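Number of protein chains: 2
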Amino acid sequence: MGRRPVPEETKQTLLDHFWKIYCEKPIEKITVREITDAAGFNRGTFYVYFTDVYNALQAIEDSILPGEEQFEEMIKDHHKGLDRHQSLEEFMDFYEQHGEKLQVLLGPNGDPTFVSRIKERVRRLLIPHSSELHKLNEKDRMKFEYMVEAEISSRLGIFTLWFSRGKDLPLEDLHQLVYDMEQKGSHQVGQEMLHRNDFR
Amino acid sequence: MGRRPVPEETKQTLLDHFWKIYCEKPIEKITVREITDAAGFNRGTFYVYFTDVYNALQAIEDSILPGEEQFEEMIKDHHKGLDRHQSLEEFMDFYEQHGEKLQVLLGPNGDPTFVSRIKERVRRLLIPHSSELHKLNEKDRMKFEYMVEAEISSRLGIFTLWFSRGKDLPLEDLHQLVYDMEQKGSHQVGQEMLHRNDFR
DNA sequence: CTTTATCCAACAACGTGTTGTATACTGGTT
DNA sequence: AACCAGTATACAACACGTTGTTGGATAAAG
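Chains X and D, in that order, give the protein sequences. Number 188 in this note's numbering belongs to position 188 of the first sequence; there are no gaps in the numbering. Number 109 in this note's numbering belongs to position 109 of the second sequence; there are no gaps in the numbering.
Just so you know, these hints were derived from the structure itself, not from any lab. These numbers were taken from a predicted model, which means no experiment stands behind them. Keep in mind that the hints are not guaranteed to be accurate.
Remember, identical chains collapse to one label, so a pair may be satisfied in a single copy or spanning two.
Straight-line alpha carbon distances no greater than 30 Å define the calculated DSBU-like cross-link-like pairs of lysine-lysine that follow [unchecked claim]: (1) 139 - 29; (2) 119 - 29; (3) 139 - 184; (4) 20 - 167; (5) 184 - 29; (6) 101 - 139.
Model the full structure from these sequences, guided by the hints.
Structure follows, in structure tokens:
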């Protein structure tokens with residue numbers, strides 16, 4: 001009885017249980033035995049699919065991180081057509097799609113490596129698009145990179161907080177806020193907010 | 001021969017060598033023996049001062065993270081007097097002071113816990129200051145928190161990148177860039193940059 | 001000569017990654 | 001149908017290293 005185990009299923013089962021555990025405790029305290037016990041496999045089986053607990057985490061991260069192609073597609077519009085609205089839209093779609101995982105990976109027990117990889121990839125794909133098109137000088141090219149960094153950091157930070165707070169704000173509002181901040185600057189947005197409240 | 005060991009010195013020596021190792025490899029691969037061997041102490045001595053490798057890291061983090069009082073002082077001006085220039089100045093002083101450490105702690109092999117602690121603390125101290133003063137409504141109060149999050153994330157991201165690139169830009173330029181972005185929004189700043197380059 | 005800080009040795013407990021053998025199911029061949 | 005090769009996992013045992021702890025020795029300071 002019990003049908004033949006399928007490798008892909010086994011691997012996925014292991015990942016699923018690993019993830020469940022990872023959500024509740026830092027990775028350095030997770031043992032292989034803990035995972036395989038939960039998943040109902042022999043400890044040795046884990047090593048068939050992963051070299052390491054950290055390797056398992058990487059497998060999950062890889063499944064989230066969009067492939068180069070998909071990423072490129074997603075980013076093409078960003079600074080080219082200057083349609084920032086759509087750029088933000090796509091970013092949020094991405095975040096919505098993998099929200100639960102991203103929340104953990106970017107949270108207190110998350111993986112800094114993953115954050116770096118995301119940023120690195122965005123930079124790699126974003127920079128050539130505009131800097132080549134507009135022939136920025138050296139200094140401005142650097143500044144541009146820092147602006148990209150700021151934007152990613154800011155977006156990731158905001159959405160992570162938003163998720164960790166159980167989406168306490170309608171998506172539209174958050175969208176608008178981020179959009180406004182990128183358009184007008186946080187200072188300006190803050191000022192308007194205060195004035196709006198003064199007049200009520 | 002050899003003068004009497006002083007506890008504080010020993011502790012610091014251990015921390016120093018731990019840090020040197022931590023800069024070069026992820027913490028999960030650092031053993032107690034590795035640290036004590038490098039520092040020239042017995043392995044047991046480590047456990048006199050720390051419970052754990054992670055505990056040692058925490059000790060370093062605590063020495064960096066400003067105390068509540070100092071932090072409060074540093075932040076008081078931020079959204080109160082609305083003197084953003086000075087606020088940014090203070091932030092950068094803090095970053096300059098602990099630059100090498102922050103670069104590692106916020107980098108790929110860094111500690112997500114530490115990032116959370118910083119953000120949490122800034123939020124805790126920043127929110128009451130303005131939201132009480134200006135009686136924001138519930139929704140705006142939340143938005144305000146997200147704006148704070150965005151600003152911290154953005155600043156930390158930028159400065160970490162800046163450090164990891166060996167400060168490839170004069171501090172003044174970076175300062176100006178961040179200031180501009182917070183005032184006018186990254187989009188606006190980017191636009192101006194492009195136009196400036198068109199006319200040359 | 002007492003206190004203090006470190007050394008040293010040894011300990012059990014546990015996690016790691018690996019290996020060899022056994023079992024059981026699958027799909028394809030005859 | 002019967003058989004066989006391939007595959008996925010089980011199981012057990014291994015050597016090895018790390019952990020955190022302990023009790024006693026050593027050496028310097030006051």
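Right, here's what the structure says about each hint:
In this homomeric assembly, residue 139 and residue 29 never come within 30 Å of each other (Cα to Cα): the closest approach is 45 Å inside a single copy and 39 Å across copies. Taking the shortest Cα distances, residue 119 and residue 29 sit within 30 Å of each other both inside one copy (27 Å) and across copies (25 Å). In the homo-oligomer, the alpha carbons of residue 139 and residue 184 lie at most 30 Å apart both inside one protomer (23 Å) and across protomers (20 Å), since each shortest distance falls under that limit. In this assembly of identical chains, the alpha carbons of residue 20 and residue 167 lie at most 30 Å apart only when taken from the same copy (21 Å versus 40 Å across copies).
Taking the shortest Cα distances, residue 184 and residue 29 never come within 30 Å of each other, neither inside one copy (44 Å) nor across copies (45 Å). Taking the shortest Cα distances, residue 101 and residue 139 sit within 30 Å of each other only across copies (27 Å), while inside one copy they are farther apart (37 Å).
This entry does not satisfy hints 1 and 5, going by the numbered hints stated previously.
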